[in-house]
Amino acid sequence: DGGITQSPKYLFRKEGQNVTLSCEQNLNHDAMYWYRQDPGQGLRLIYYSQIVNDFQKGDIAEGYSVSREKKESFPLTVTSAQKNPTAFYLCASSINEAQPQHFGDGTRLSIL
Amino acid sequence: QKEVEQNSGPLSVPEGAIASLNCTYSDRVSQSFFWYRQYSGKSPELIMSIYSNGDKEDGRFTAQLNKASQYVSLLIRDSQPSDSATYLCAVSLLNAGNNRKLIWGLGTSLAVNP
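Protein chains in written order, with the working numbering: chain A, 214 to 325; chain B, -13 to 100.
These aren't lab readings, by the way, just hints derived from the structure by calculation.
Computed cross-link-like contacts, SDA-like style, restricted to lysine to any residue with a CA-CA straight-line distance of at most 20 Å:
hint: 1; chain 1: B; residue 1: 28; chain 2: A; residue 2: 225
hint: 2; chain 1: B; residue 1: 28; chain 2: B; residue 2: 97
hint: 3; chain 1: A; residue 1: 270; chain 2: B; residue 2: 84
hint: 4; chain 1: B; residue 1: 28; chain 2: A; residue 2: 251
hint: 5; chain 1: B; residue 1: 53; chain 2: B; residue 2: 17
hint: 6; chain 1: B; residue 1: 28; chain 2: B; residue 2: 66
hint: 7; chain 1: B; residue 1: 87; chain 2: A; residue 2: 311
hint: 8; chain 1: B; residue 1: 28; chain 2: A; residue 2: 313
hint: 9; chain 1: B; residue 1: -12; chain 2: B; residue 2: 95
hint: 10; chain 1: B; residue 1: 28; chain 2: A; residue 2: 323
hint: 11; chain 1: A; residue 1: 222; chain 2: A; residue 2: 325
hint: 12; chain 1: B; residue 1: -12; chain 2: B; residue 2: 80
hint: 13; chain 1: A; residue 1: 222; chain 2: A; residue 2: 321
hint: 14; chain 1: A; residue 1: 270; chain 2: B; residue 2: 83
hint: 15; chain 1: B; residue 1: 28; chain 2: A; residue 2: 237
hint: 16; chain 1: B; residue 1: 28; chain 2: A; residue 2: 250
hint: 17; chain 1: B; residue 1: 87; chain 2: B; residue 2: 34
hint: 18; chain 1: B; residue 1: 87; chain 2: B; residue 2: 37
hint: 19; chain 1: B; residue 1: 42; chain 2: A; residue 2: 312
hint: 20; chain 1: B; residue 1: 87; chain 2: A; residue 2: 310
hint: 21; chain 1: B; residue 1: 87; chain 2: A; residue 2: 264
hint: 22; chain 1: B; residue 1: 28; chain 2: A; residue 2: 298
hint: 23; chain 1: B; residue 1: 28; chain 2: A; residue 2: 252
hint: 24; chain 1: A; residue 1: 296; chain 2: A; residue 2: 232
hint: 25; chain 1: B; residue 1: 28; chain 2: A; residue 2: 321
hint: 26; chain 1: B; residue 1: -12; chain 2: B; residue 2: 51
hint: 27; chain 1: B; residue 1: 87; chain 2: A; residue 2: 272
hint: 28; chain 1: B; residue 1: -12; chain 2: A; residue 2: 253
hint: 29; chain 1: A; residue 1: 283; chain 2: A; residue 2: 233
hint: 30; chain 1: B; residue 1: 87; chain 2: A; residue 2: 309
hint: 31; chain 1: A; residue 1: 222; chain 2: A; residue 2: 251
hint: 32; chain 1: B; residue 1: 53; chain 2: B; residue 2: 39
hint: 33; chain 1: B; residue 1: 53; chain 2: A; residue 2: 313
hint: 34; chain 1: B; residue 1: 53; chain 2: A; residue 2: 312
hint: 35; chain 1: B; residue 1: -12; chain 2: A; residue 2: 254
hint: 36; chain 1: B; residue 1: 28; chain 2: A; residue 2: 255
hint: 37; chain 1: B; residue 1: 87; chain 2: A; residue 2: 267
Isolated chain A (complex conformation) (with noise of 0.2 Å):
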């Protein structure tokens, strides 16, 4: 079946510690992005890409890192540098901007 898997589905962050969340689509959509949603509050965008090779900053790119090696693939680094990153990170993609954007299920952030 196509879709959208993000792992893991929980992840736990040790105070100084940098963790990778990852993102893996086989819809061949050219678009992905990163989004982090708050309890309460909507969806805020971290980071896009539109192509291989090439990404841009969303609204709250501030301590993540992404990388956009293989078409499938959109790997979001949470570092240390992000003081508050207990949060839901939802994953999506889409086959351009003016398209719908399909989500994965989600990895859940907490801090140990």
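Position chain B relative to chain A; hints supplied.
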């Protein structure tokens, strides 16, 4: 003014009634409009896309778009308790760099009471 606005709710309707969810947006040249449903603790799922003025029906769902008035609405007929969720409106807008970007509303919480 926010670029995409929705009433946060909660909107409460009895089972079997019509639920009406509204969304207004700020950009006159928007062309793509989407409604998503998000259950508590889950990721958003696409339920409707609409690109031109008028109504689009899919089962119990109808999306209505009025570009002149800059609003898009979602009607849910014969509401069921399983429709209880947060409904997110998303609009493809031009940003300052003249690039298209999907802007999300904060969502409207719907509760369907048995």
